[in-house]
Structures are given as C-alpha cells and as structure tokens.
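Chains as they are written, first to last, in the numbering used here: chain A, 1 to 291; chain B, 1 to 288; chain C, 1 to 424.
Among the hints, erroneous ones may be present.
Derived lysine-lysine pairs resembling DSSO-like cross-links, with alpha carbons at most 30 Å apart [as the list claims (entries may be wrong)]: (1) B:K116 x B:K51; (2) A:K72 x C:K421; (3) B:K51 x B:K13; (4) B:K13 x A:K186; (5) C:K421 x A:K51; (6) B:K203 x A:K186.
If you are wondering where the hints come from, they were derived from the structure by calculation, not from laboratory data.
The chain contents come next:
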Amino acid sequence: MLKSVSLDRWTPVFFLAPAIVLLLVFRYIPIVLGFEEALYTNSLSQAGARKFVGLSNFLAVFEDPVVWGSFKTTLIFSLVVNPLQVGLALLLAELVNVRVPGIAVFRAIYLIPIAISAPVTAIAWGLALDPNYGLVNGIFRTIGLPRQPFLQSPDQALWSIIGIISWIGVPYWSLFFLAGLQGISKDVLESAHVDGASNLRTFLSIKLPLLRRIIAFVLVSDTVVNFTLFAPVYLLTRGGPQLSTHLVMYEAYRRGLVYGDIGIASAIISVLLIVVIVVVVVEFIVLRPRH
Amino acid sequence: MKLDAATRARLRKARRQILLYALLIGLAIAVILPISWIIASSFTTRETVWKNALPFSWRAFFPEEFTLDGYRAIFEKDFGTALLNTFFLGAVTVVLGIAVGAMSGFAFARLNFRWKNFLFALVVFSFMIPGDLTIIPSFVLVRDLGWLNTWHGLIVPGLANGIVIFLFRQFFAEIPQDLIDAPRVDGATWLQVFIRIILPVSKPALISAGVILFLGQWNNFFWPLLVAPVPELRVVQVAVSIIGIEQNVNLWEQMFASSTLAMLVPVLLILPFQRYYVGGILGSGLKG
Amino acid sequence: MFVRKFLRLIVLALSLSLLLAAPALAQDTVELSWITDLPGAEEVAERFTEYNPNITVRVDKVTFREVFQQNQIRLGAGSPEPDIVSVDAPVVAAYGFRGWLLPLDEAFSDEQTDGWIDALYTSSMYDGQLLAPPIWNSAQVMYYNADLLEAAGITPPAPDERWTWEQVTEAAQALANDADGDGVNDVWGLQFGQYNRIYQLQPIPESLPTAVLGEDALTVEGIIDSEDWVKAFTWFGDLHNSLGVSPQGGISSGELFRNSQLGIYVDGGWMINQFINNPVEFTWGTAPHPYWEGGEITVPGDSWHLGVNANTEHPDEATEFVKFASSVEAGRIWFDVWGVWPAHEVMIQELIDDPDNAEWPNQAFVVAAGEAPYVTPRPLTVGYLEYEEILSDAFEDIRNGADVAESLSQAAGRIQREMDKYRP
Numbered sequence: 001m002l003k004s005v006s007l008d009r010w011t012p013v014f015f016l017a018p019a020i021v022l023l024l025v026f027r028y029i030p031i032v033l034g035f036e037e038a039l040y041t042n043s044l045s046q047a048g049a050r051k052f053v054g055l056s057n058f059l060a061v062f063e064d065p066v067v068w069g070s071f072k073t074t075l076i077f078s079l080v081v082n083p084l085q086v087g088l089a090l091l092l093a094e095l096v097n098v099r100v101p102g103i104a105v106f107r108a109i110y111l112i113p114i115a116i117s118a119p120v121t122a123i124a125w126g127l128a129l130d131p132n133y134g135l136v137n138g139i140f141r142t143i144g145l146p147r148q149p150f151l152q153s154p155d156q157a158l159w160s161i162i163g164i165i166s167w168i169g170v171p172y173w174s175l176f177f178l179a180g181l182q183g184i185s186k187d188v189l190e191s192a193h194v195d196g197a198s199n200l201r202t203f204l205s206i207k208l209p210l211l212r213r214i215i216a217f218v219l220v221s222d223t224v225v226n227f228t229l230f231a232p233v234y235l236l237t238r239g240g241p242q243l244s245t246h247l248v249m250y251e252a253y254r255r256g257l258v259y260g261d262i263g264i265a266s267a268i269i270s271v272l273l274i275v276v277i278v279v280v281v282v283e284f285i286v287l288r289p290r291h
Numbered sequence: 001m002k003l004d005a006a007t008r009a010r011l012r013k014a015r016r017q018i019l020l021y022a023l024l025i026g027l028a029i030a031v032i033l034p035i036s037w038i039i040a041s042s043f044t045t046r047e048t049v050w051k052n053a054l055p056f057s058w059r060a061f062f063p064e065e066f067t068l069d070g071y072r073a074i075f076e077k078d079f080g081t082a083l084l085n086t087f088f089l090g091a092v093t094v095v096l097g098i099a100v101g102a103m104s105g106f107a108f109a110r111l112n113f114r115w116k117n118f119l120f121a122l123v124v125f126s127f128m129i130p131g132d133l134t135i136i137p138s139f140v141l142v143r144d145l146g147w148l149n150t151w152h153g154l155i156v157p158g159l160a161n162g163i164v165i166f167l168f169r170q171f172f173a174e175i176p177q178d179l180i181d182a183p184r185v186d187g188a189t190w191l192q193v194f195i196r197i198i199l200p201v202s203k204p205a206l207i208s209a210g211v212i213l214f215l216g217q218w219n220n221f222f223w224p225l226l227v228a229p230v231p232e233l234r235v236v237q238v239a240v241s242i243i244g245i246e247q248n249v250n251l252w253e254q255m256f257a258s259s260t261l262a263m264l265v266p267v268l269l270i271l272p273f274q275r276y277y278v279g280g281i282l283g284s285g286l287k288g
Numbered sequence: 001m002f003v004r005k006f007l008r009l010i011v012l013a014l015s016l017s018l019l020l021a022a023p024a025l026a027q028d029t030v031e032l033s034w035i036t037d038l039p040g041a042e043e044v045a046e047r048f049t050e051y052n053p054n055i056t057v058r059v060d061k062v063t064f065r066e067v068f069q070q071n072q073i074r075l076g077a078g079s080p081e082p083d084i085v086s087v088d089a090p091v092v093a094a095y096g097f098r099g100w101l102l103p104l105d106e107a108f109s110d111e112q113t114d115g116w117i118d119a120l121y122t123s124s125m126y127d128g129q130l131l132a133p134p135i136w137n138s139a140q141v142m143y144y145n146a147d148l149l150e151a152a153g154i155t156p157p158a159p160d161e162r163w164t165w166e167q168v169t170e171a172a173q174a175l176a177n178d179a180d181g182d183g184v185n186d187v188w189g190l191q192f193g194q195y196n197r198i199y200q201l202q203p204i205p206e207s208l209p210t211a212v213l214g215e216d217a218l219t220v221e222g223i224i225d226s227e228d229w230v231k232a233f234t235w236f237g238d239l240h241n242s243l244g245v246s247p248q249g250g251i252s253s254g255e256l257f258r259n260s261q262l263g264i265y266v267d268g269g270w271m272i273n274q275f276i277n278n279p280v281e282f283t284w285g286t287a288p289h290p291y292w293e294g295g296e297i298t299v300p301g302d303s304w305h306l307g308v309n310a311n312t313e314h315p316d317e318a319t320e321f322v323k324f325a326s327s328v329e330a331g332r333i334w335f336d337v338w339g340v341w342p343a344h345e346v347m348i349q350e351l352i353d354d355p356d357n358a359e360w361p362n363q364a365f366v367v368a369a370g371e372a373p374y375v376t377p378r379p380l381t382v383g384y385l386e387y388e389e390i391l392s393d394a395f396e397d398i399r400n401g402a403d404v405a406e407s408l409s410q411a412a413g414r415i416q417r418e419m420d421k422y423r424p
C-alpha cells in the first residue's frame, strides 16, 4: 500500500465522531436508562417519588399470566409471520423479476403500501375486514364463501393482523430480494438452463444459495420489526379477542401508558430486548454463509 | 388434429404469460383497492361517505357527490402548515442524516483504525433495537436537554441511522481502490477524496438513504407527538389523527382528505426514484 | 454539480434549523400549556386571556386516547408541562394517589364549589382535597329513529317516557331485519355509543341494582363476576349474538344511526346539537335513559375535570385558569360551542326554563337536563385506569360471543391483581 494512503489519527475521528456520538447519546443511553427504570417503581409511591425495588418488576413479569401469555403469543406470531413474509417476499421478487411489457408499472404499484403509514393502513383494513360491512366479506359473498368474523374471532384475529402487516411487509422486503435477483449474473442462469434445469430447480439450487446473505439480512430485520409490532393491535383489536392478539409491545404500552406503571413496562421491554437479541443471534448463526 | 411441437411450445408460453398477468393484476388489485376507497371517499361529502360502504359495494369507489370540501376544510385548519413542517423536517433530516451516515460509512469502508470492528458492531446492533422500545427514556433524555417543543428535538435524535450507515459502508466498500489511490498520491486529503470522488459516484446509495430517512420522518407519529405537541411544530401524521375529531363527530371527508395527502406525497416521491432505490440496495453489497 | 449542491444544502439546513430553534423571545407574559382533545378549548383560552392579558394558554390538541397517554408520560416523568392537566373524572384518584396534582382547596370558595352538581364535586376530590374541578358534566339519553320504529309497528316513547330495558329489547327485536337476505341486518335494533367502555355500560348492572366496585374501592372479585353482572352482560352479549339486534365490529353507531340503519341508540347529550345542526333525513327523537323493570334508574355521567400539574412553574396562573374554565361563564362557552353538558346546577335549570327549549327539537335538551338527578359517577378508585381498560377487553369479548361468566371472571382476576398493588 502506498505511504500516502496512511492515516493521521484524527481523520477517522473526524469522519466517525458525529455518527458514534449521536448513536451513543440517542440510542444507547436510552437503553441503559430503560434497564435502570425497570429497577424502580413510580406508580405505587406517593407524591411521584421513585422507589428502588430491585428485580421485583422482573419477577412480576414472569408471575403475571397476562404478561407471560403476551410473550407466548408474540413468539408464536413471530414463528409464523417471519418465515411467511420472507417466503412470500421471495416469491413476489421472483414473480416481478421477469422481462415482460408493463412490468415496471406493476413493480411501482406493489411499492405503494411501503409509503403508507400504520394509522391509514389500519383505517382502510379495519373497514375492509368488518364482519358485517367489510369489503372482504362482500367479495366472499359474491364468490359464494361464508361470511367470516376476521378481527372479531379469537381464531382468526392474529391471522388477520398477519395479513394486514404482510400487505406492507412483503412488498417492502421483496425490494431487497429483487435487487439481489437482478444482481445474479446471466451466465450462471443460462448455463443452468442449458443443463435443462427447471425453473423451480434453478430457483432452489442456484438463486436461493446466492441470496443467502440478503435472506439473512431481511429475516433479521423482519424479526426485529415484528417482535415490536404495535400499531395494528393498538388500532384494530386492543389485544383481543380473548387476548389472541395481545403482543408484548401492546402489553408494555398498557402497563406504561395506560396503567402508568413505567417500571413494569420497562421490565417487559428489557426482557423483550434480550429475547430479540437472542433470536437475532441465533438467526445469524443459522444463516451464516458457509465457505 | 395434432399440433406440431413449435405450436405447442408457443401455446404453452402464451398460457404461462396469461397466468403471469392474471397473477400480477390480481396482486395489483389487492394493493390498490383499500387505497382507492380512501381516495374516493376524500372527494365525497360527509353525508354520503358511508352510503355505499355499509355494506360495501363497488359504488363506494366512486364519489356519490363529488366535492373538494374535505380538502378545503383541512387547509383552513392549517393542514398546510403540517405538510410544510414535515417537508422541512424531512429535508433537514435527509441532508444531515446523509452527511452523518455517509461520513461514518466511508470511515468504516475505507479507513483503518483501532476498534473498527467494535464500533461497527455498535452500528449494526443499534438498528437491531427498534426505537419504539426506548421511547420513554428517550423522551426523558430530550426533556433534560431542554429540547421539548423544538426542531432539534424532532431532528437530532434520528440523524444517526444504523441502516443508513450500514448501507453506505456496503456501497463504498465496492468502489475500486484505484479511484481513491490516484488523488491520494496527488496529495488530496481524505475529506477531499470523500467529497470529490466518493460522493459523486454514489447516487444510488444517496437516494436509498434519502428515501429511508424521509419516510422515517414522514410516517413518524408518536415521537413528534411526545416531544413537540405545540401546534406550530405539528407534523402530518399527528395532524391526520386529530383533524377528524372536532365536535365529537367524525368529520369523515376531512379524515379521508388528510389521509389521502399523507399517503400520496411519499408515494409520488418514491416512484421516480424507484430505479435508484433498488440500485442503492443492489450496490450495497448484499448480493450473494 | 451534484456534490456542491449537496454541500450547500447541508449549510442551508444547518443554519435554518438553528434559526428556527432559537428560543422564543424573552417574554413578560406567561404561557401555560394544556393538552386536550376538547372542542371549545381555544375559545375558553381566548376569553381567559381577554381577562388576563399577561397569561396566554397554549392548547396542544391531541386525540381522546392520547390525552391520557401524554399525561401519563409527562406527569410520570415529573415534567413541568403541561401546566394544566385534563383529568377524566374517575382518574382524579389515580393522579392524586401519584401526587401529580396540586391541591386547590384554598383557591376555590364554597360558593363556587356549591354550584357544581354534587356527584361532580365528589369526583373532584381525592383524600379530602380538591384536586380537579369539573368543567362539564355528561348525561346519556336514548335516541330513536321514529320512522323505523313506526315501520316496525312500535309507538315511539314520549319525551318524558322512560322505557325499561325489557321494552327496549322487544322494540329492538321488532326493528332488526334483514329484508334483502344477505345475512347482514339492513336495520339493527339497538347499539350504544361507546359499546365497549364501562362509562356507557355501567347502568346495565348498576340498574339491577348491583355494585360495580367493592366498598374499600379496591375489590372487584365477587363483584364484577357476580351473578348479577353475569345476568346483565348475558343480556348484552345476547343482543350481539343470539338475538342479533346489535352489530359487532367497529363501525360507529352514530354513523349507522345517521344512515337509518339503527333504530335505537344510547349516547351522550352532546349528540343533540349534531342532529340539530346537521339534520338527518328521518324523524328522530330522544327519551330518558332506560333502566331495568323494578330496578333503579342510573344514568352515566361525569366528564372532564381540570387540575394543576404539581411540578408546574406557574402554579398561580394555572390555578387562575382552572378557576375560569370551571366557572359558569366558561360553562356557557362550552355549551355554545358544541352543546356539551354543564357542570353547574344553575345552567341545568336555565336549560329547563328556556322558552326556546319548549319545542322540538330543542326540547331534547330538556330531556337530557332532566337526567341530572340520576347521574351516577364512575367508580372512584385509584385503580380506575386498570379497571376500565381490562373491563373493555371483557366487553369486547362478550360482544364477540365469548362465554360471559368466564370473561367476567377472567377480568375480575386481572383487575384484582392490579388493584392489590395499591393496598397499603
């Protein structure tokens, strides 16, 4: 390497300082403060004073069946929604990764949900899924299917939420896969074709392995997003029916902002944070590129 | 009659094309239906907005009585201010956020220094922790800084974005070494290299980062409500949430008009950049 | 060039944000902040500033649900803002318990507090101190679509005729029909304005009569899962399920009523102005709030109160504003803006005596005013926030057809666990 490329010691500091300082102050300090808050209680003390309670907020998290249940629901939800979204996003990317007239228009249309905020999405889908008046039941009726309760049923509500968030999530993540698919060199694919491999074979044995790093990235990001899902539950189901959509973030919100118990809410969030980190690390290990 | 092989192949291809388009169109309808109902409802009157929606019929996609009342009303209620505020917030966040992110991405990609891996892990880890999880301590922090009801309370905490830094690092890492070495030999400083050489070839990454940062601000609801509830600093999503609730009735036409604008602006903004957006991620080294 | 332009943008953005961030000019006037969702808040604030030119009140508008959240976060974190705290009546105790509100006993004369309706005075107090004076009251009435009732062969009630729930149920069954046979009622019989909140549903058990809270204000087990409660909410559940006269889902009952798709609808007196100002296409009427045959008459009541943040930097100015906002003069502004119910006895009497209100539709105000003696406040407990939220879960589940006894007993268990934390 040329000598002139060497560094004086302040150059990296100059380039890095703004980002690192901002991250430390606005991302990491709040995390530490949150863990600290979990050791106090403010809801049960007079005159707004905080009282140190050690780990009792954490104990309460594990003892309370509702909190505990919300962790269980969230885990089940994640096990379904993450593979589902990643799988569908892959399929969608493969679907639009063709050269046919008008494909650009379709790609543009599929991008639209990405730009729409959670409240607007919830208004639209809340009405579309209404058991009596919803558009979806209207369509079902036209094609001869029985009326469904959707968000009103403990068996269907979580699935309905999964459907709604996938409406945004699948197109979003498919963008990353499309980028990856377009980056695969034509030679590789053509040689597979010459060998007489079917489309399915090509997809499974050539494209998927090449997309491994993107899949890992998307799966991890999607996991994080879905572990902290809040808006659709808050706006559409309030955690019901019968706690079937009672996800951890909603329970934390209830504790902190409705009941006013910031200590317990912080404890729930701290536990969730640890769970997220563990799951993400496991996902990274499983999907680690093998050389 | 027997078809020859070529005809059969052509038929098979045509069938596959039809199937493909049917699928594409079906998905497009699933995307457009809920949105077009909101848009159509924004052009009708409060009295007729539910007329064809309870129960839902295809007539709901066409305004019963076409009117711009909803739009007129929301601009009388300062929805314009909220739009301008959010544009301003978005623009400042995009510009400063790109500056912060690109600089550190450059350092991670092209410079060598101590603790590089540790610091990069810090960046990656930061976007594994959603901001929602720490919103209350963040509020306390910003309050203690005295930043409640200020522009910087809305802007500064979101400037260092882990995904943006990551994206820049991956993009810059693929720029050929020669491009950098030549000017360095000629005595250019690293800052000059960064500005004159690196940034000009990084348009896709800049655009991807810009879209991420802008959408983040545009769709932000809870944080602005928390740190800056004053009317002068009101942002779009907060305005949408309160615009329909006057007088204990739902002013549907206004709710739908404000929702329509809140969703169309970012859509119109993203579409022209779509090609770059994909390119930015493509260039981000995520490919196999 | 692209990069030049980009750099210039950075400089521009930096200088702009610094410029705009410059703190507001030094002021000799005091600015108070107030987080609220109330229509008319700006008008009351402006009138106050006319009298007190050195004090301005900044109204931070948010939605109903966010009023609670924003208060929780700010007051819980000990912030000096908002100076003026919007407190829903049953939450006075919860905020008082946490020490978030300044006692106001000294600022209010007996004359002033005697003017309020008794129930509201009670809910302004916590631990023997006046914490949050009432600015309004509320009264629920029964609205009906006379055209639909007559079509179903039912004579609508007279303005002073109080139906029993039994009568309402019968009427609702006659009203509900699915003429086009699509499996969804074209007309529904009955729905409540706030169909999943204790505020609206409290009279259903309370009118039986039965208690809604233990005497120590911290017990719900054995109360909200009692036989009487199960009976009351079995009826409520049946309306939505076996009888099929009330719609499930989240469609606004006001909208269904306005659309002639709902025959009977129980909601606040604040809707009267809506129907007068934005006329509907059918003959509507109001009647007093229903009750159980042989039971007691109770009507949901109480409303917003205002308190002063214990950490405010302007306690005197904020107290001054709360005094004004809870006065008769402000009560008239509230009423003029959107017909919200007054907290003062004299204003109730004015409504009843007003000759303009002798004729329909303004007569509806008299119907609602006549409910004042029956208004029952919501349960007064430090655990009200938990009580309300968890009960709403149960009410939603019951609407959706869950087992009533099981839903209530689960809710009782959940609420009790929260309540026990408040025991000394």
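Against the structure, the hints:
1. Under the criterion of a C-alpha separation no larger than 30 Å, the hint pairing K116 (chain B) with K51 (chain B) is inconsistent with the structure, at around 62 Å.
2. Between K72 (chain A) and K421 (chain C) the alpha-carbon distance is near 25 Å, which keeps this suggested pair within the 30 Å criterion.
3. For the proposed pair K51 (chain B) and K13 (chain B), the alpha carbon gap of about 45 Å is over 30 Å, so the pair is violated.
4. At roughly 21 Å between alpha-carbon atoms, K13 (chain B) and K186 (chain A) fall within 30 Å of each other, so this suggested pair holds.
5. For the hint pairing K421 (chain C) with K51 (chain A), the CA-to-CA distance comes to about 14 Å; that is within 30 Å, so the pair holds.
6. Under the criterion of a C-alpha separation no larger than 30 Å, the hint pairing K203 (chain B) with K186 (chain A) is consistent with the structure, at around 25 Å.
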